[in-house]
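Visitor: Residue strings, one per chain:
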Amino acid sequence: MATGNYCTEVRDLFFTPAHAGDIDPAAGRVVRGEAEALDRTAWVVFAALCRDGQVIEARFRAWGCPHLLAACELTAAQLEGRSVAELARFSLADLAGRLQVPAEKLGRLLVIEDALLALAASIRSSG
Amino acid sequence: MATGNYCTEVRDLFFTPAHAGDIDPAAGRVVRGEAEALDRTAWVVFAALCRDGQVIEARFRAWGCPHLLAACELTAAQLEGRSVAELARFSLADLAGRLQVPAEKLGRLLVIEDALLALAASIRSSG
Amino acid sequence: MSAPVYLDYAASWPVDPRVAETMAQALTEPDLQANPSSSHPGGRRAALAIEQARRAVAALVGADPARLLLTSGATESNNLALLGVARGRRDRGRHVITSRGEHRAVIDACRQLEKEGFEVTWLKPVRAGCVDPGQVLEALRKDTLLVSVMHANNETGALCDLAPIGAACRARGTLLHVDAAQGAGKLPLDVEALGVDLLAFTAHKLGGPKGIGALACSVRALTALQPLQFGGGQEQGLRSGTSATHQILGFGMAAELALQHMHAEAERLTALRERLWHRLQAAEGVWRNSPAQDCLPGTLNLGFEGVEGESLMLAIQSGVWASSGSACASASAEPSYVLRAMGLNDLACQASLRLSLGRWTDAAQVDRAAAVIVEAVTRLRERAPAGVRSRIR
Amino acid sequence: MSAPVYLDYAASWPVDPRVAETMAQALTEPDLQANPSSSHPGGRRAALAIEQARRAVAALVGADPARLLLTSGATESNNLALLGVARGRRDRGRHVITSRGEHRAVIDACRQLEKEGFEVTWLKPVRAGCVDPGQVLEALRKDTLLVSVMHANNETGALCDLAPIGAACRARGTLLHVDAAQGAGKLPLDVEALGVDLLAFTAHKLGGPKGIGALACSVRALTALQPLQFGGGQEQGLRSGTSATHQILGFGMAAELALQHMHAEAERLTALRERLWHRLQAAEGVWRNSPAQDCLPGTLNLGFEGVEGESLMLAIQSGVWASSGSACASASAEPSYVLRAMGLNDLACQASLRLSLGRWTDAAQVDRAAAVIVEAVTRLRERAPAGVRSRIR
Ligand SMILES: Cc1ncc(COP(=O)(O)O)c(C=O)c1O
Ligand SMILES: Cc1ncc(COP(=O)(O)O)c(C=O)c1O
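Residue numbers (this note's numbering), protein chains in the order written: chain G, 1 to 127; chain H, 128 to 254; chain Z, 255 to 647; chain R, 648 to 1040.
In short, the hints are calculated from the structure, not lab data.
Where hints are given, some of them may not hold.
Here are the simulated DSS-like cross-link-like pairs (lysine-lysine), alpha carbons at most 30 Å apart as the crow flies [to be verified]:
1) Z:K396 with Z:K378
2) R:K762 with Z:K369
3) Z:K369 with R:K771
4) R:K771 with R:K789
5) Z:K396 with Z:K369
6) R:K789 with R:K762
7) R:K789 with Z:K396
Quick caveat: nothing in here was measured; it's all calculated off a predicted structure.
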């Protein structure tokens, strides 16, 4: 069975996700981006705290397999410090390789991209 | 495999046949009865020393399976002391049962009967 | 950190130490090393030991040892029963009845029969993977050669009511095959009383070694079988291949132990299973796929709202070893027909877990396992988007 | 009285203590108890251990572990190869070539193929049970699907010249199956170099456990196979059934040991075999059925003028365990086609004995065995009618 085999990084990100959960509303205005495809076993929500066109703080919530959760954690971590403009161009290709995501699961990562696009959109509209 | 399974009596008779071999010619006139059916894996020779219509001493030589050799030993032993007349009526049915001879081997015992008949005949002709 | 709690008995049991001991002896005892088919004393001693073990294995299911064939496991036993009878009796009829809730070994053997020109009626399980006798009775036809139903479902533990099916098959002269891999050795089974013509089971699901199983046959079934493999003529010519003395002796010991402890273990495990179920309520939003009644003592299949199965498996891994509820231990992972047939959607199947208990499970393990699972479920839900519990159920 | 000398290695080897040790560990080590198909760490550890053992087994015959299927023994491997390829490729042709000197597992599988509509060309072995490459080349046809020849004959130990057959089959795109149950682990074998598409062998003939074997497959063969049994999808879906971890690990250890000691053992056993042959000359009227050249190191099939086989077996039993020369250890005892094909009459076949040596045979055992046999032969001849030696030969 393909399941059950995860590289160390996936395990680490899965077991100790520094960016899972929410952002304290007191910190400022929090924008969200969400995407779901339950049939692909993926449901992702990103939350971001932005200032001067920059992501100061990012968090995620997700329902899915370990690879998806790990990818979300990694993405949220990488969001911090990036410019809002970069969000749209955020690519998951290298991330998929880094986490050794099996081919049959790659479709799930698209849900992350969709959530990022939604996040970018809501940042603009909230700008 | 049917082979390899022998009751204790067959083993005893096979390993310590008191009547295998020949009769010392010095003892007197020795008559013989022989029968063979190599296709039935049986070749039997009985030798007897007779006096006053009685079998004084009997020996056998045989080529065949352990059941046959055991049956020959038992037969030779039982011959001793019998009257020549009895030889023709010597039955192997009970002997087959006593030695638990498997069905597929019963045909081989007939060769013993044939050897006995031959023995009886040669005794008469030598009488 | 203490060792993970093993709750995957339905996939395979740890070998009982007394069985391992028996096998270690059989593997070293000079008198048992010969080929059991050899005619010298070494071979005959091995053959005698095998016949003794065969009696113990047969006794477990009320079978006649003279009609119990030893195989490499329940997969082979099931295939020998299904392919063997169908191929051997194709002149008598081409219709076979089974259910979609069966183990892959039965389902794929029946698919093969379809390729070979047989017509298979696929019953839809109504009770957690098991069929009702009525369904079988309805499906029976004049040309029905063989009926194949399982004794206990491997995913849910649900038990099938075999007696009425056996009676109906006997009445019609149809052969009944039963896959008893999960239930043999755990609950009383009597092939004669149940009217079962072919009963398949395996040693490794009752404390014996992997790679050895049995097929108990009725007189009629025995004469109907065409072998799967041909050769030296062992097992009455129906299953050629050098007999594996140590495997068979291990099976025999496992069968003896299972028979000895059957009733006490059934009670003990039922109690532990319920204890586990109640401890798990702490997680809230837990549903039970296994029936509360007519179920194997040691099997508990359940699901958690808002949880993804693969992540749950990984989250509990360091504390609990179990199987996903939707894929019994098999080299391939298909979504479970059984759970879907119970009305669960794919997400709920996905969220299901099969916890299975056995001889070495105790209350402390159960409590530790429950704590680990509840903690993992809670953590995963916290990480999930709001409202996940109402969507994934 | 000292223990009987075991000279029945060709029927089965005593399990090597190092193999028994490995298996005892696998049967008790908690980490190896899980079902290798389970996705939790326990299952994955068992699966990893299995893959390691698979590499050792494959290395023994120069096979790619990715294409080595684990089975329950050579009987299953032979049947899977023959029935599997023929059934899976029946659209490509219906002609199969094999020989009357093959083991029952091959002969009976081919008889089954005849029942299924295949045409089998039965070659007559010319050398102590083996065919000459020329015979195979002559028999090859456009529609020949499969050729099945044995590497070493189980009755005489005669070796077959495989390379030319492999080359011819490759050239014609015909699949070549080789039954290597007797020779694997005793002589160098390289499926790639020999052009063998399917190679069957078994653990218990090289110091491993009974009930586990292998079928090494070429790419072409692997895609051609139809499984004998269906189910969980293990062994690439070609041999379903829970993998028997302890059996496979035992096979792996046995394969490692065999490879390690192969050359030294071949030399040592050849010398011991000849020593035995010369010691037995003391009986006079001894003939040799095994070839002096191109023969397995450990196998010596011979006969004694004027002796009946069954009686000889019983007469030596307390001192030597061996097999009748005419019936390899099989549940049924047919007269040997191989010996008859060598020109021996039924009586001579009957008078033949197969003495087979292995890892634990030493010079002292050989001398003791020879003394026992010579004594028994002499005794039996003394009891036989005069002139028996000239009649039974
Ligand atoms: C219901 C059922 N049938 C058959 C099998 C196959 O048994 P084995 O692994 O002995 O081939 C199993 C377990 O894998 C099972 O649970
Ligand atoms: C040449 C040959 N092929 C096949 C077999 C069968 O092997 P197994 O006993 O592993 O089924 C044997 C031994 O019995 C053999 O000698």
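Visitor: Give a verdict on every hint.
Guide: Checked hints:
For the suggested pair K396 (chain Z) and K378 (chain Z), the alpha carbons sit about 21 Å apart, so the restraint of at most 30 Å is met. Proximity of K762 (chain R) to K369 (chain Z) is assessed by CA-CA distance (about 18 Å); at most 30 Å being required, the pair is judged to hold. Under the criterion of a C-alpha separation no larger than 30 Å, the hint pairing K369 (chain Z) with K771 (chain R) is inconsistent with the structure, at around 36 Å. For a cut-off of 30 Å, the pair hint linking K771 (chain R) to K789 (chain R) stands: about 21 Å separates their Cα positions.
In summary, the hint linking K396 (chain Z) to K369 (chain Z) is supported, as the alpha carbons are separated by about 21 Å, within the 30 Å threshold. For the given pair, K789 (chain R) sits about 21 Å from K762 (chain R) by alpha-carbon distance, which is consistent with the 30 Å threshold. With a C-alpha separation of about 45 Å, the suggested pair K789 (chain R) and K396 (chain Z) falls outside the 30 Å cut-off, and the hint is violated.
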